[in-house]
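Asks: One-letter residues, chain by chain:
2 protein chains.
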Amino acid sequence: MKLGGFSLSTFPKGYKSCSLNAGIKDDTLDFTILFSEVRASAAAMFTKNQFCGAPVVVGKEHIADGYLQAIAVNSKNANVATGEKGLEDTRKVTEAVAQELSIDPKDVLPSSTGVIGVPLPVEKILTAIPGLKNKLTEDGLEQSAKAIMTTDTYPKFRTRKMGNVTISAMAKGSGMIEPNMATMLSYILTDAAIEPAQLQKMLKKAVDVSFNSVSVDGDTSTSDTVVLMANGLAGEVNVTEFETVLTDLCIELAKEIARDGEGATKLVEVQVTGADDHTVAKKIGKSIINSPLVKTAIFGEDPNWGRIMSTIGNSEDKVNTASVSVSFADVYVFKNGAPAEDKRAELAEYLKTDEVLIKISLGDGPGAATVWGCDLSYDYVKINGEYTT
Amino acid sequence: MKLGGFSLSTFPKGYKSCSLNAGIKDDTLDFTILFSEVRASAAAMFTKNQFCGAPVVVGKEHIADGYLQAIAVNSKNANVATGEKGLEDTRKVTEAVAQELSIDPKDVLPSSTGVIGVPLPVEKILTAIPGLKNKLTEDGLEQSAKAIMTTDTYPKFRTRKMGNVTISAMAKGSGMIEPNMATMLSYILTDAAIEPAQLQKMLKKAVDVSFNSVSVDGDTSTSDTVVLMANGLAGEVNVTEFETVLTDLCIELAKEIARDGEGATKLVEVQVTGADDHTVAKKIGKSIINSPLVKTAIFGEDPNWGRIMSTIGNSEDKVNTASVSVSFADVYVFKNGAPAEDKRAELAEYLKTDEVLIKISLGDGPGAATVWGCDLSYDYVKINGEYTT
Numbered sequence: 001m002k003l004g005g006f007s008l009s010t011f012p013k014g015y016k017s018c019s020l021n022a023g024i025k026d027d028t029l030d031f032t033i034l035f036s037e038v039r040a041s042a043a044a045m046f047t048k049n050q051f052c053g054a055p056v057v058v059g060k061e062h063i064a065d066g067y068l069q070a071i072a073v074n075s076k077n078a079n080v081a082t083g084e085k086g087l088e089d090t091r092k093v094t095e096a097v098a099q100e101l102s103i104d105p106k107d108v109l110p111s112s113t114g115v116i117g118v119p120l121p122v123e124k125i126l127t128a129i130p131g132l133k134n135k136l137t138e139d140g141l142e143q144s145a146k147a148i149m150t151t152d153t154y155p156k157f158r159t160r161k162m163g164n165v166t167i168s169a170m171a172k173g174s175g176m177i178e179p180n181m182a183t184m185l186s187y188i189l190t191d192a193a194i195e196p197a198q199l200q201k202m203l204k205k206a207v208d209v210s211f212n213s214v215s216v217d218g219d220t221s222t223s224d225t226v227v228l229m230a231n232g233l234a235g236e237v238n239v240t241e242f243e244t245v246l247t248d249l250c251i252e253l254a255k256e257i258a259r260d261g262e263g264a265t266k267l268v269e270v271q272v273t274g275a276d277d278h279t280v281a282k283k284i285g286k287s288i289i290n291s292p293l294v295k296t297a298i299f300g301e302d303p304n305w306g307r308i309m310s311t312i313g314n315s316e317d318k319v320n321t322a323s324v325s326v327s328f329a330d331v332y333v334f335k336n337g338a339p340a341e342d343k344r345a346e347l348a349e350y351l352k353t354d355e356v357l358i359k360i361s362l363g364d365g366p367g368a369a370t371v372w373g374c375d376l377s378y379d380y381v382k383i384n385g386e387y388t389t
Numbered sequence: 001m002k003l004g005g006f007s008l009s010t011f012p013k014g015y016k017s018c019s020l021n022a023g024i025k026d027d028t029l030d031f032t033i034l035f036s037e038v039r040a041s042a043a044a045m046f047t048k049n050q051f052c053g054a055p056v057v058v059g060k061e062h063i064a065d066g067y068l069q070a071i072a073v074n075s076k077n078a079n080v081a082t083g084e085k086g087l088e089d090t091r092k093v094t095e096a097v098a099q100e101l102s103i104d105p106k107d108v109l110p111s112s113t114g115v116i117g118v119p120l121p122v123e124k125i126l127t128a129i130p131g132l133k134n135k136l137t138e139d140g141l142e143q144s145a146k147a148i149m150t151t152d153t154y155p156k157f158r159t160r161k162m163g164n165v166t167i168s169a170m171a172k173g174s175g176m177i178e179p180n181m182a183t184m185l186s187y188i189l190t191d192a193a194i195e196p197a198q199l200q201k202m203l204k205k206a207v208d209v210s211f212n213s214v215s216v217d218g219d220t221s222t223s224d225t226v227v228l229m230a231n232g233l234a235g236e237v238n239v240t241e242f243e244t245v246l247t248d249l250c251i252e253l254a255k256e257i258a259r260d261g262e263g264a265t266k267l268v269e270v271q272v273t274g275a276d277d278h279t280v281a282k283k284i285g286k287s288i289i290n291s292p293l294v295k296t297a298i299f300g301e302d303p304n305w306g307r308i309m310s311t312i313g314n315s316e317d318k319v320n321t322a323s324v325s326v327s328f329a330d331v332y333v334f335k336n337g338a339p340a341e342d343k344r345a346e347l348a349e350y351l352k353t354d355e356v357l358i359k360i361s362l363g364d365g366p367g368a369a370t371v372w373g374c375d376l377s378y379d380y381v382k383i384n385g386e387y388t389t
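Taken in sequence, the protein lines are chains H and S.
Using UniProt numbering, the first residue of the first sequence is number 1, and each one after it goes up by one.
Using UniProt numbering, the first residue of the second sequence is number 1, and each one after it goes up by one.
Hints listed in this document are in silico derivations from the structure and should not be mistaken for laboratory results.
None of the hints are false.
Copies of the same chain look alike in the list, so a pair counts if it fits in one copy or across any two.
Here are the simulated DSS-like pairs of lysine-lysine, each with C-alpha atoms no more than 30 Å apart in a straight line: (1) 85 - 359; (2) 92 - 335; (3) 85 - 335; (4) 318 - 106; (5) 283 - 201; (6) 60 - 48; (7) 283 - 60; (8) 318 - 204; (9) 382 - 255; (10) 359 - 335; (11) 161 - 133; (12) 382 - 343; (13) 343 - 124; (14) 48 - 335; (15) 283 - 204; (16) 318 - 283; (17) 25 - 343; (18) 25 - 352; (19) 318 - 60; (20) 382 - 283; (21) 382 - 352.
The model shown is predicted, which means the values in this text are computed figures rather than measured ones.
In isolation and in its complexed conformation, chain H is listed as follows:
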């Protein structure tokens, strides 16, 4: 674990959690409850994948009124492409959790991550739930960040103070990562008092520049979910300040997801400026982050920048090639439509770093975006060639 050392005072008030092994696949932590002592304002964003998981379907129903009191998450099985039975299984789990916690089933948001197309071992989960209320603790959030992992190599957890108010956020995700209007799984808990509508607006803005700006492999998961709960126990908060902190937190976690991308050895940041608008800038940035040719060159520490030019040239949007400039950090490889002075040796040295920054200027338009990804290594192939077998 790269993180650690959080004390009780660094967590938001009134939240408890518990993670245990329900035996879904092996003997690691695979089932987690995040619980607020009081009903909390809540906002969420979900995957746009049309084969979304059963928990996403049920989660959308339960968040509709803007309130939640618990999140029930299992790893090791995504409960996706499981038909009508998958939906029934998810409802059984949320009902059992609600009964155990003496709350309304509609205030429980279910979430699942793991293999697709395998029925959820629902009996194992239902067996694990009774008695779980007594296992809830106030200092377990960091352990929960570990329990929701799949191929992640370390938990992603951050916490921030703003006066009386605390925001704690966890995320998981390592492969099948190109979130679209949401991320893999991220749960953000705060004790600030904020109305659901405002919460949803802030979450949407933060997610656009963080989780939705990350891609490991261009595959949008069927289970992407980010949930923000605000139980109000720490009172009012300066909304502008809260939004800034929330966005920073989401960006930090999003970068962790890219850095910990399956098999990744380097975090890649692409800054696009001078585009016609933000959407174009983001699309071009994402295409660089997703190009297997660019990704393997970065893995190989090979300054083969022609592949970046080719990827930009494939944009659906019109690019004025004569005004394009590209640099690695501050070393230009292409300037105003023509190759820059050859600095391959310097670039090869730069590429030995574990954080690669590519800057692309498309001209003098107002559109800009920053996106994050990672390189493509032998280990990505290994991890994904052997996932279910």
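Chain S: place on chain H using the hints.
Replies: This is chain S only, laid out in the frame that chain H set:
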């Protein structure tokens, strides 16, 4: 070389070729001339990449009148992202070739493939051209198919007879392969008599279902070019029959490109049926072929079919998930919106084959498409991590 044994009589009349080493990068064959004794009707399709190579720009000018007499190809350097100097270099090469062959420079189509962003070593090529006319032979086409290779592991060459008429076709391509309205490089020579306009129409149709239905890594090259020359020396031909043979030839070569994709161990064919139209079917087929998660699972011979469902679900087009069926060859994994009987053991056995067929039925729409690709292996990462260094 997997192919071979072609005799002079299997080549179209009136074409000569020559391949030699001009010393562009190392001592392998890197410069090729394909020459017709008489001016030939010609059709061509080029990449849509906005950073297209200098030879593509000049090639478009030279094919504009519908006639060509020679194609001059170099490998090891793409002459892309090389600015104004790149265009001048290409024109110098076509002019020198035209002078050597005593033909109009406008009847020479230039073509380059290799690294992007490195100036063409034009002096080396210009030095190699004088005296080249005497080296032209009538039986060298297969050697030319070898000379245009970059990371290909074997030459791609096919020839077909239709009565008096012969069509010979070569192609190269192994990485940066997702042709868009053209392929990497393919040159098709025939002695049939066909007008340029008709030739272009036939080529466009054939390319759509062949080269433009292949993807190795989703990256459309800056150099994609397919050229069809018809010098008429064998006389008239049944146009319908010719079109069928041309299309078959293009499909065979396209499949070879996928089979020989960088690092590939398996050819993957995806057949999509029941879509609203051909475009939707092709887009969904391509998304499966390009998913790194699907590709690595196939490399690992892991029947992790949930990744196919996830990829279908990410389609921009509306999918009626309840009517989707998916099979590997004839073994269903998903039928009418629900998982089929679990046959993972049988599937694992099937995946040991070196040609994997995935069939996707989206419903009862009229749209269908077949696309080809390959798996994603350790060797793809190795080849592309070490390309220029």
